Amino acid sequence: MSNVPAELKYTKSHEWVSVDGDIATVGITDHAQDLLGDMVFIELPEVSTSFEKGDDCAVVESVKAASDVYSPLSGEVLEVNDTLAETPEAVNSDPYGSWLFKLKISDASQLDEMLDAASYSGVAADDSH
Amino acid sequence: MLIFKAFFATLFYWLLFKSISEFKFMGQQTPLYEKHVVMGAKMVDFGGWDMPLRYGSQIEEHHQVRNDAGMFDVSHMSVVDFTGADTRAFLRRLFANNVDRLTTSGKALYTCMLKPDGTILDDLIVYYMDENWFRVVFNASTHDKDLAWVKEQAQPFNLEIIEPPNVAMIAVQGPTARAKVGAVFDEPIRSGIADLAPFTAAHFGDLFISRTGYTGEDGFEIILPANQVNDIWRSLYGEGVQPIGLGARDSLRLEAGMNLYGSDMDETTSPLESGLGWTVAWEPQERDFIGRTALERIRSEGVTHKLVGLILEGKGVLRNHQKVIVKGQDGGEITSGGFSPTLGKSIAFARVTKEISGTCKVEIRGQQIVATVVKLPFVRNGKSVQLKI
Chain A
34 MSNVPAELKY TKSHEWVSVD GDIATVGITD HAQDLLGDMV FIELPEVSTS
84 FEKGDDCAVV ESVKAASDVY SPLSGEVLEV NDTLAETPEA VNSDPYGSWL
134 FKLKISDASQ LDEMLDAASY SGVAADDSH
Chain B
1030 MLIFKAFFAT LFYWLLFKSI SEFKFMGQQT PLYEKHVVMG AKMVDFGGWD
1080 MPLRYGSQIE EHHQVRNDAG MFDVSHMSVV DFTGADTRAF LRRLFANNVD
1130 RLTTSGKALY TCMLKPDGTI LDDLIVYYMD ENWFRVVFNA STHDKDLAWV
1180 KEQAQPFNLE IIEPPNVAMI AVQGPTARAK VGAVFDEPIR SGIADLAPFT
1230 AAHFGDLFIS RTGYTGEDGF EIILPANQVN DIWRSLYGEG VQPIGLGARD
1280 SLRLEAGMNL YGSDMDETTS PLESGLGWTV AWEPQERDFI GRTALERIRS
1330 EGVTHKLVGL ILEGKGVLRN HQKVIVKGQD GGEITSGGFS PTLGKSIAFA
1380 RVTKEISGTC KVEIRGQQIV ATVVKLPFVR NGKSVQLKI
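Chains A and B supply the protein sequences, listed in that same order. Last residue of the first sequence? That's 162 in my numbering, and every number before it is there in order. Last residue of the second sequence? That's 1418 in my numbering, and every number before it is there in order.
FYI, nobody ran anything at the bench for these hints, they're computed from the structure. Predicted model, so just to flag it, every value in this text is computed and none were measured. Please note that a few of the clues may not be correct.
[To be verified] One side only, chain A facing chain B, incomplete, derived with CB under 8 Å: (1) Gly70; (2) Asp71; (3) Val73; (4) Phe74; (5) Glu94; (6) Val96; (7) Lys97; (8) Ala99.
[As the list claims (entries may be wrong)] Below, simulated DSBU-like cross-link-like pairs (lysine-lysine); rule was C-alpha separation at most 35 Å, straight line: (9) B/Lys1071 - A/Lys135; (10) B/Lys1404 - A/Lys97; (11) A/Lys97 - B/Lys1356; (12) B/Lys1344 - A/Lys45; (13) A/Lys97 - B/Lys1071; (14) B/Lys1352 - A/Lys45; (15) B/Lys1064 - B/Lys1412; (16) B/Lys1356 - A/Lys45; (17) B/Lys1404 - A/Lys45; (18) B/Lys1374 - A/Lys45; (19) A/Lys135 - B/Lys1412; (20) B/Lys1404 - B/Lys1356; (21) A/Lys86 - B/Lys1344; (22) B/Lys1412 - A/Lys97; (23) B/Lys1404 - B/Lys1390; (24) B/Lys1344 - A/Lys137; (25) B/Lys1144 - A/Lys45; (26) A/Lys86 - B/Lys1390; (27) B/Lys1390 - B/Lys1417; (28) A/Lys135 - B/Lys1390.
C-beta atoms are modelled at their ideal positions from N, C-alpha and C, and glycine is treated no differently.
All chains, full assembly: derive it from the sequences and hints.
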């Protein structure tokens, strides 16, 4: 069973979000990294790019395949985690410590549409069968 | 009472339906299936078989084989015995390589089996045991078409084609593999396999052991009765041989420059454009193997494409079917791509225009990224070799 921290919010496409004021920190879940396997390359968005909720905004490449990461919320990229260029495997060993990028949230009401830990656990469990 | 009857009837049909539908959607399982599940393997479909993709980290499994020893369940592969007076004559016609190169018992030969148009039905290893017994190991995913083809071609010949029932197959590979396999067997098998030359097999009762593999490392492939394979697997694990999934099997063979049927060649390509020209035995000229006439025509007309190795110099990962650009033009495509744990870079096989040299570009998500063109393999004896073309 994968780790799903209670304090985070989630998407059905396996992103997690941690909210601090109007800043959202985004990564991929433990379940996602487990499905994909060893990460070998991560392509992050440019700082200052704006995304709509659901836009593909990053790519995580594992030994198995390349997968799009979708922006969980609308907003502008404030910062990206450059250390992942050298150590993509950190996403496997510490998926909730290895954030991909931070967004300035443009529509806070979208947070209400996100999954809580219990709902996401259900999505992840269905996905495993 | 009636309600109970109806209930049991419903239950019966539900169970019947469930077993039929599961039977239909479940892949075939090898005798080691339960072991893989207990060892925490992620199982995937491969050619209709439920096989382990990886048990933990695929990259660690890769390094385990390059640095120590790992074992693979390859029971899905097709073992076929050819017996009878015409066996050699038949295989001389069936395969593009020449079984007449096999004169000492146990010797193995790698070859393609071609269609009359010179394209590849399968690649395989054939072992010569004696004039009445050649053993062939075909790929798993091509089993049905291979057997149908072989049986049809065999009709004018006096021989039998037998698939030994209830056999399993494991590969043990890595620099310490031979020593560790030796440790799990008693005499006379232990000394028998210690002396086994590369690309040679020996059989000990119902055990068939060859010094072959698909990783570029030393080691053995062992064909044995299905009811013995779990014990051997457990003993090997006790010697420190780790289980390795299909994921690492693929990155190991890619580094070692070994083709994968269905990706690097298939029924649309000939050996001459698949890096396998060396496996075609043109001499003697009178040997009329299936596909010869077409292949001679392809050779005299000249091929336009060849299989090369690519090492990605920029960011990204090379994947199957990405476009290769040579001097600004469409130059072909990647047939197998991935990440090389030994090089720490992305590598690939690509079928490209034969004039290629130096560098090329590969289209990855709309961007053109530079790759160096090299001869295969990428890794030999556990060390990186990069011979630029």
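Each hint tested on the structure:
{"no.": "1", "hint": "Gly70", "in the structure": "holds (5 Å)"}
{"no.": "2", "hint": "Asp71", "in the structure": "holds (5 Å)"}
{"no.": "3", "hint": "Val73", "in the structure": "holds (4 Å)"}
{"no.": "4", "hint": "Phe74", "in the structure": "holds (5 Å)"}
{"no.": "5", "hint": "Glu94", "in the structure": "holds (5 Å)"}
{"no.": "6", "hint": "Val96", "in the structure": "holds (5 Å)"}
{"no.": "7", "hint": "Lys97", "in the structure": "holds (7 Å)"}
{"no.": "8", "hint": "Ala99", "in the structure": "holds (7 Å)"}
{"no.": "9", "hint": "B/Lys1071 - A/Lys135", "in the structure": "holds (32 Å)"}
{"no.": "10", "hint": "B/Lys1404 - A/Lys97", "in the structure": "holds (24 Å)"}
{"no.": "11", "hint": "A/Lys97 - B/Lys1356", "in the structure": "holds (30 Å)"}
{"no.": "12", "hint": "B/Lys1344 - A/Lys45", "in the structure": "holds (28 Å)"}
{"no.": "13", "hint": "A/Lys97 - B/Lys1071", "in the structure": "holds (12 Å)"}
{"no.": "14", "hint": "B/Lys1352 - A/Lys45", "in the structure": "holds (32 Å)"}
{"no.": "15", "hint": "B/Lys1064 - B/Lys1412", "in the structure": "holds (32 Å)"}
{"no.": "16", "hint": "B/Lys1356 - A/Lys45", "in the structure": "violated (43 Å)"}
{"no.": "17", "hint": "B/Lys1404 - A/Lys45", "in the structure": "violated (44 Å)"}
{"no.": "18", "hint": "B/Lys1374 - A/Lys45", "in the structure": "holds (32 Å)"}
{"no.": "19", "hint": "A/Lys135 - B/Lys1412", "in the structure": "violated (41 Å)"}
{"no.": "20", "hint": "B/Lys1404 - B/Lys1356", "in the structure": "holds (19 Å)"}
{"no.": "21", "hint": "A/Lys86 - B/Lys1344", "in the structure": "holds (27 Å)"}
{"no.": "22", "hint": "B/Lys1412 - A/Lys97", "in the structure": "holds (24 Å)"}
{"no.": "23", "hint": "B/Lys1404 - B/Lys1390", "in the structure": "holds (17 Å)"}
{"no.": "24", "hint": "B/Lys1344 - A/Lys137", "in the structure": "holds (27 Å)"}
{"no.": "25", "hint": "B/Lys1144 - A/Lys45", "in the structure": "violated (48 Å)"}
{"no.": "26", "hint": "A/Lys86 - B/Lys1390", "in the structure": "holds (33 Å)"}
{"no.": "27", "hint": "B/Lys1390 - B/Lys1417", "in the structure": "holds (15 Å)"}
{"no.": "28", "hint": "A/Lys135 - B/Lys1390", "in the structure": "holds (32 Å)"}
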